[in-house]
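J.: So the chains spell out like this:
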Amino acid sequence: MKSLPGWSERLLRAICPDELYEQIEGDLIEIYNYEVKTVGKRKAKLRFVLACFRFLRPGIFLRNKFSLKINSIDMVFSYFKIAYRHLMNSKAFALINVTGLAVGITAFFLIIQYVSFEMSYDRFYTNSENIYRIGLELYKKSELQTSSSKNFGGLKELISENFPEVDAVTGFYKTPANTGVFFRHNGKIYNELGGKLNTDSTFFKVFSGMLVKGDAATALSERHCIVVSESMAKKIFGDEEPMGQHIQSPNDAGDESERVITGVFKDFPPNSHIHANFVVPLEPFMKDGNEWRQAFLHTYISLKEGNNPEAVSNRLNQFYRKMAVKYPEMKETKSFLQPLTSIHLSSQMQDELEVNGNKNLVYIASAIALIILIIAWINYINLETARFALRAREVSVRRVIGSGKSDLALQFLIEYFCVLVLAIALATLLMAFIIPRFSYLTGIPIDSIQWSQPSIWLIAFAVLVVGSILVGIYPAIFLLRLNPVTALKGKFGNTSGGRTIRKSLIVVQFSASLILTACVLVMHSQLDFMQSVDKKFDLDNVVTLRNPTAYSSEEVIEKHTAYRTLENKLMESASVQMVSSSSAIPGTEIGFTYVNLLKRNINDPYDPTRFKTLFADYNYIPFYGLKLLAGRNFDPPRPVQKWIDPWDDENWLTLILNETAIRALGFNSPEEAVDKIVEFENFEDHFQKHKIIGVVEDYHHEAVKKEISPMILSPNYGSFQQVYYSIRINPTSSREQAVDDIRKSWTAAFPDKPFEYSFLYDYYDQQFKSERYTKRIFSVFSGIAVFIGCLGIFGITLFDVSARQREISIRKVLGASVASLIGLLSRDNVRLIVLSAIVATPLIYFVAQKWLSSYPMRIVVSPMFFVIPLAILLLLVAFVSSFQTIKAASTNPIDHLKNE
Amino acid sequence: MPKEFLRDFEELILTMVAVQQENAYGAAITIEMEQWLGRKVTLSAVHVSLYRLEDIGYIKSKVGGATNERGGRRKRIYSITNAGLSVLRSMKEKRTEIWKLVPQLKLINS
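Line by line, the protein sequences are chains P and L. Counting from 1, one number per residue, gives the positions in the first sequence under this note's numbering. Counting from 901, one number per residue, gives the positions in the second sequence under this note's numbering.
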């Protein structure tokens, strides 16, 4: 070896004092050559590498003389001093820069907060990475019809018997969070919301780490077991030990059965897609291992380490193919594995446990965060480079004296750093103010900064740091291009290159502002449209109540009596016009949703159309003002003396369908469908002949956002499926009066049940919650973007006007009018805005189309979405820049010319 | 008495410089010591000790000739100063004196 390899030379040069370097290098080479001869080449090389790194010791690098460094530390102090003077010299610009950056950084971190929350879903289990949900896809003629998050009841058993690579499998049936769980403890009656899961003992094995008290293996082994959440245990038992406590809950047999608390689990955190307060064993009918007809269990597995989910789903589908011979329902179904952590952001299937988030929204939010930050940086760059004319001399003198390029870059970086530190201080204050109000803005239940996703925060900080360095150095690079000699002679000014860059940056700012404003506008219009769309039913002045005994097992006659009492009492009060009962009210999802439910002929092949069945009384259609297109309403009920099963009474074997449903059955017109006999599966595997007595116009029952599904209205005589009561109140009586009347009737009918009511209008409106939040977030952040952009324009105009003051004065002396001068000064900005509009228009169109395409009912993209943001921007820019232009144009020209 | 404390490794190196005379430089000392001690000696440790000894004033250095096996790099040749020599000598004497106090019989017994 004649010389050191490159890396070691660089390393040693960096750590060794210059005067010693040559000898150290020589010694290393000599020893290496000696060792090649004595111990061989490979070993010598290894020892050489070690020897090089051994020089990384204080005894060596502390020998470096520090005089040079001390000198540069002095310079750094001087840079701080210059930066301070520079900021103080132009307080207006400093203020603009600091405010812009502070607002930008605040917005950036708030959005990152939102993004990290959305991305942190379901990562709190000890084995989150290995948990998968098994979704079900239904095909019709090999075309994907629907995908569902629930799977067949028999799947659990199939997997636990045939898949050794699966660690544990569990399936559960969830009772929705808004359905109360009734029970009694110490004589107190509870009706607790928050959701209940029917599942098996493997639940806590799959979702490991959830159980705080109790044994995962036995907690759900007996029918009387119940496991409650920590907060619920606290609520019911206070500080008492919850384990082994008894509660009484109604059972199928009609009386109360004891349940024993056999475990306590951690509350599901807000960033979980499953929420429940109670976990109980599966009901016997849910346990059937040969259940391959109905998909009703959410099924989750935890895979053993190192297994491919693809392979599992492939093997599973082979089983499905084999079993389709026996179970025709399985013929065109497929299962697939969904990673647990991807469910919240990527899964939009039927029967999702909760309204899931939207991946695109998260991406869009991150993009907005970046855009806002970039707009703030552009402000800084523009303002700094615009003022170069003033600093060119300073920089030239520095260069002539001998300051190097890196020194100058450091100086500008330090100036930027000062601005940044001030901005971060301001941003911290802003954050402290905003964070407590953050959950209102985004709907995220957090009130303090969460660091749950370190990787995202790391990326965010990296973006901030790298961006800051680039932005800080850019002005220096820009200035270094100046020839110091000419600059010293006074021949500087704005180079045309610099101006082009500045202008294109402003175009970027304007385009971003235009796009964001347009997005807000599109969202606003779509939301308005959806809220005002003709829902084809009347939801004003309706109060709804939930029947507290709907699914409980009290005597049906008693339930019926209670309802009669309620109805009679209600009808007695002047404030109530009409009462109706049904299994679902507009805005709630219809629970009885099944495939293969309705056929024209008993021998018709399997049909994957999902029909939704609503059980309603004869008041329902007139109550909600539904339009009967053909046929008639249900018959009024006859007084019930004793319980008869619905299917034993001929009057009950009648159906009213909506338009979509008759189309799905293949009828051409409502008239054709009326009086036809169809087969309706009124309980499992039991088809019975029903008569179509009427056809109603399609109406938006579940949500305006969703497609209208085929709907079956079936009568709910007696007390059968009376889950909700709708009460139409007299529009002339006051709301308070009406609610009070309803409360009195309620107490008469259900003396020991808590009274809860809601106005249907508000309830139905809930479906727009996510749109409203999105719109609010967008409005706020596009407002911020526009604000920062305007700050920048303000600064640039301030500078331009003062730089052109002499020109303006001369023009004025030569006879230019104030108006023409204002025109002259504004021309540039207007030109830039027009250019931005040209850039932004196709982008706006694309984004708007993309967003709107997810709604079955949507607005068309109108020119308004381009014109209004443009007008807003023009007005704002005109407003912001007018102060200075008018001032400049109307001052006395002598003031500026006499200084020459 | 020495005004600066010397560790035994430094003392060894000081002795080596005295032994090697005209050939006392980093690599040569390292290789020589490895042969004497029969164990690996780190080059950087030798360098650090040489610098320290030079700082105290026990050795002095000059830049010497280059050879082919060092890739044409010059050596830094060290030579021991009078101060160094006297320290070395006094340390050696102290040690011999103390050694004499060790009861020789005891060694055999144990």
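Worth flagging that the hints you see were computed from the coordinates, not collected in a lab. In this text, a Cβ means the ideal position worked out from N, Cα and C, and glycines have one as well. Mixed in with the good hints there might be a few duds.
Only pairs whose alpha carbons sit at most 27 Å apart, straight line, appear in this in silico BS3-like list of lysine-lysine [to be verified]:
1. K689/P <-> K705/P
2. K676/P <-> K691/P
3. K536/P <-> K188/P
4. K304/P <-> K535/P
5. K37/P <-> K940/L
6. K940/L <-> K45/P
7. K41/P <-> K940/L
8. K535/P <-> K188/P
9. K234/P <-> K188/P
10. K43/P <-> K1000/L
11. K559/P <-> K744/P
12. K205/P <-> K304/P
Cβ pair distances, simulated, as ranges [what the hints assert, rightly or not]:
13. T486/P <-> G965/L: 40 to 46 Å
14. V465/P <-> G965/L: 37 to 43 Å
15. K940/L <-> V465/P: 50 to 56 Å
16. R907/L <-> V212/P: 57 to 63 Å
17. K45/P <-> G957/L: 34 to 40 Å
18. K41/P <-> K962/L: 31 to 37 Å
19. R907/L <-> V421/P: 27 to 33 Å
20. L62/P <-> G965/L: 27 to 33 Å
21. I477/P <-> K940/L: 20 to 26 Å
J.: Is the gap between the beta carbons of I477/P and K940/L within 20 to 26 Å?
T.: violated (50 Å)
J.: Does the beta carbon distance between R907/L and V212/P stay inside 57 to 63 Å, or does it fall outside?
T.: holds (59 Å)
J.: Please verify whether K304/P and K535/P have alpha carbons no more than 27 Å apart.
T.: violated (50 Å)
J.: Need the status of pair K41/P, K940/L: alpha-carbon distance at most 27 Å?
T.: Since the Cα atoms of K41/P and K940/L sit roughly 17 Å apart, the hinted pair holds (cutoff 27 Å).
J.: Next pair to validate is K559/P with K744/P; report whether the Cα-Cα distance is within 27 Å.
T.: holds (18 Å)
J.: Using the Cβ atoms, figure out if T486/P sits within 40 to 46 Å of G965/L.
T.: Since T486/P and G965/L have Cβ atoms about 53 Å apart, the given range 40 to 46 Å is violated.
J.: Assess, step by step, whether the Cα of K234/P is no farther than 27 Å from the Cα of K188/P, and give holds or violated.
T.: holds (15 Å)
J.: Taking only the CA atoms, is the gap from K43/P to K1000/L under or equal to 27 Å?
T.: violated (44 Å)
J.: Do the Cβ positions of K45/P and G957/L conform to the proposed distance bound of 34 to 40 Å?
T.: holds (38 Å)
J.: Per the hint of 50 to 56 Å, is the separation of the Cβ atoms of K940/L and V465/P within bounds?
T.: Since the Cβ atoms of K940/L and V465/P sit about 43 Å apart, the hinted range of 50 to 56 Å is violated.
J.: Regarding V465/P and G965/L, is the given constraint of 37 to 43 Å on their beta-carbon distance met?
T.: violated (51 Å)
J.: Next pair to validate is K205/P with K304/P; report whether the Cα-Cα distance is within 27 Å.
T.: Holds: K205/P and K304/P sit about 12 Å apart, inside 27 Å.
Checked against the numbered hints listed earlier, the structure breaks hints 1, 3, 4, 8, 10, 13, 14, 15, 19 and 21; every other hint is satisfied.
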